[in-house]
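Student: Protein chains in written order, with the UniProt record's numbering: chain C, 1 to 377; chain L, 1 to 260.
Source of the hints: derived by calculation from the structure; they are not laboratory data. Here a beta-carbon is modelled for each residue, glycine too, at the ideal position from N, C-alpha and C. Hints may be right or wrong, so weigh each one.
Claimed, not checked - Simulated restraints on C-beta separations:
#, chain 1, residue 1, chain 2, residue 2, range
1, C, G270, L, G235, 29 to 39 Å
2, C, A37, L, T159, 54 to 64 Å
3, C, P29, L, I201, 27 to 37 Å
4, C, I30, L, K179, 14 to 24 Å
5, L, G205, C, P309, 32 to 42 Å
6, C, T342, L, E133, 51 to 61 Å
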Amino acid sequence: MAVDRLLPTPEARDLLDLTRDVADKELLPIVDRHERAETYPEGLFATLGAAGLLSLPYPEEFGGGGQPYEVYLQVLEELAARWASVAVAVSVHSLSCYPLATFGTSEQVERWLPDMLAGDLVGGYSLSEPQAGSDAAALTCRATRVADGYEINGAKAWITHGGKADFYALFARTGEKSISCFLAPGQVDGLTFGKPEEKMGLHAVPTTSAHWDGAVLSADRLIGAEGQGLQIAFSALDSGRLGIAACATGLAQAALDAAVSYAKERTTFGKRIIDHQGLGFLLADMAAAVDSARATYVDAARRKDAGLPFSRQASVAKLVATDAAMKVTTDAVQVFGGYGYTREFPVERYMREAKIMQIFEGTNQIQRLVIARGLAR
Amino acid sequence: MNIVVCVKQVPDTATERKLRSDDSTIDRSANGVINELCEYAVEDALKLKEAHGGEVTVLTMGPDQATDAIRKALAMGADKAVHLSDEALHGSDALSTSYALSQALKKIGFDVVILGSESTDARTGMLAAMLAERLGVPQLTLASKIEVDGSAISIHRQTDYGYDKVEATLPAVVSVVEKPDPFKPRYPSFKGIMAAKKKPIEKIGVADAEIDPAQIGLAAAWSVVSDFTAAPPRGKGVVVNDEGDGGTKAAEFLVSKKFI
Chain C
1 MAVDRLLPTP EARDLLDLTR DVADKELLPI VDRHERAETY PEGLFATLGA AGLLSLPYPE
61 EFGGGGQPYE VYLQVLEELA ARWASVAVAV SVHSLSCYPL ATFGTSEQVE RWLPDMLAGD
121 LVGGYSLSEP QAGSDAAALT CRATRVADGY EINGAKAWIT HGGKADFYAL FARTGEKSIS
181 CFLAPGQVDG LTFGKPEEKM GLHAVPTTSA HWDGAVLSAD RLIGAEGQGL QIAFSALDSG
241 RLGIAACATG LAQAALDAAV SYAKERTTFG KRIIDHQGLG FLLADMAAAV DSARATYVDA
301 ARRKDAGLPF SRQASVAKLV ATDAAMKVTT DAVQVFGGYG YTREFPVERY MREAKIMQIF
361 EGTNQIQRLV IARGLAR
Chain L
1 MNIVVCVKQV PDTATERKLR SDDSTIDRSA NGVINELCEY AVEDALKLKE AHGGEVTVLT
61 MGPDQATDAI RKALAMGADK AVHLSDEALH GSDALSTSYA LSQALKKIGF DVVILGSEST
121 DARTGMLAAM LAERLGVPQL TLASKIEVDG SAISIHRQTD YGYDKVEATL PAVVSVVEKP
181 DPFKPRYPSF KGIMAAKKKP IEKIGVADAE IDPAQIGLAA AWSVVSDFTA APPRGKGVVV
241 NDEGDGGTKA AEFLVSKKFI
């Protein structure tokens with residue numbers, strides 16, 4: 001059932017209609033096949049790009065959709081309700097455009113951003129390393145000044161769309177206490193990718209490591225100032241966390257919808273299982289979790305759109321929404337009983353997909369750290 | 001090239017469709033959507049424009065809410081629209097609809113008119129042929145592919161043995177069928193939806209198109225749909241247990257149904 005949304009403008013309503021239409025026709029029919037076979041949906045991101053769904057939160061003058069985060073995130077939620085790995089990849093794409101759009105010089109923005117937003121290209125985000133995840137400041141991948149730019153050496157990990165993306169927001173060490181951000185092309189001599197990780201879920205979009213071995217990036221690929229990298233990374237992550245909160249909410253909504261429709265069909269002891277109070281209460285708690293997840297991310301997004309600080313609210317949204325997704329998808333399996341544990345129904349996949357949402361884009365422990373620091377200030 | 005594509009708003013096939021109790025016309029109060037084959041017609045029109053230049057005009061005949069179907073076509077990329085809307089047109093059958101549309105088309109002017117080969121509501125599938133007759137131009141029906149070269153136009157029409165290539169000279173009327181990827185109708189882009197709001201929709205009535213009121217509407221209809229019913233669900237088939245005589249029994253069944 002379509003979520004009844006409060007949207008700020010008629011154009012936002014048209015956009016959500018378009019999103020549902022595209023998602024129902026292009027995502028739903030093939031999601032199961034690709035997630036089972038662990039195959040990449042070739043051409044799908046081009047379709048989303050052509051419909052204008054890959055550039056929504058960026059300015060119209062560079063080819064973006066000019067939409068507030070409040071609207072962009074609800075689009076992401078609708079995509080996630082059909083296909084979590086695609087929605088996550090869209091969120092990461094937005095994240096990868098953020099450093100250039102926010103910290104790039106006008107020359108850099110005019111040169112690269114229009115192509116990145118045109119819909120033909122997909123971006124990846126490369127901050128994490130095998131030994132530097134939550135502790136991003138510990139990263140060791142090195143960018144060394146050479147005559148014609150920067151030579152990159154080191155290993156990166158957990159890159160969504162790794163090896164498939166056309167460009168990466170790359171973070172590397174430029175000095176003892178200096179981390180810098182680069183806009184790296186997807187293919188360059190000296191850059192190779194590891195074989196895709198064998199994941200619990202999100203099977204259709206690969207996650208890989210990257211190995212930089214003497215690749216040289218021209219000096220104009222540096223985004224912001226040398227040493228500004230961590231500031232850029234963390235400010236991007238505040239927005240990225242909202243993206244994941246929206247993806248988690250969509251996933252939880254899909255699990256709730258599946259559970260409710262099953263609970264109306266299935267009968268035990270002579271009545272529909274939804275009419276047994278024990279199960280009705282379970283479903284009620286699931287609905288409350290989905291609604292509160294949506295409410296927290298929309299609130300944080302509105303703060304961002306209004307130009308107010310939203311870092312703490314983004315962490316609350318990420319924490320609430322992803323914990324809600326874990327709980328709701330687990331309970332959805334419970335509603336389906338033994339059937340829920342089989343791959344005949346989608347809820348076991350939702351449950352597997354929910355787990356990563358509590359981990360990536362800052363683990364939920366890190367979110368609590370951010371919230372607690374906000375309180376202690 | 002001046003391309004006119006006729007689109008129709010129909011009740012959503014996903015919802016229950018019914019006739020109005022007062023005059024047995026289709027109940028259009030239900031959720032209206034653009035007829036699916038009309039989306040293919042728009043796509044073909046846009047492809048022709050992309051290849052040969054010119055302008056795509058959307059023409060629809062229908063009540064006020066049919067504007068939604070027009071907006072969809074404009075969002076896909078058509079340039080402008082003409083909406084023929086008049087109380088007097090209510091209840092027009094295929095014959096009088098073809099008359100009304102032909103009058104509008106004479107006013108708009110065209111090199112080629114493209115239509116879906118049928119609508120999901122009335123499903124007569126006759127409109128393209130009737131229009132061509134009314135306009136005195138060639139009809140190229142059930143096209144799976146359209147090619148234009150100067151003033152020559154040709155189409156592919158699928159057959160059991162492959163396809164027929166049908167040729168004519170412009171101006172002409174073409175009706176199109178459903179096609180697989182990559183010929184499926186494009187999605188309107190978000191920017192297309194925004195741009196469509198600013199594209200002109202000219203609303204015209206019966207008098208503007210010089211339509212004779214005596215030839216349209218319920219009173220002038222040559223055909224009346226009094227009722228329709230859903231196809232009955234498929235019954236349980238006949239199971240033949242093969243006890244050595246399965247072939248004979250199967251043959252007897254086919255004989256009883258006059259298949260052999």
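Student: For each hint given before, does the structure comply? Return the numbers of the non-compliant ones in rising order.
Tutor: 2 and 5
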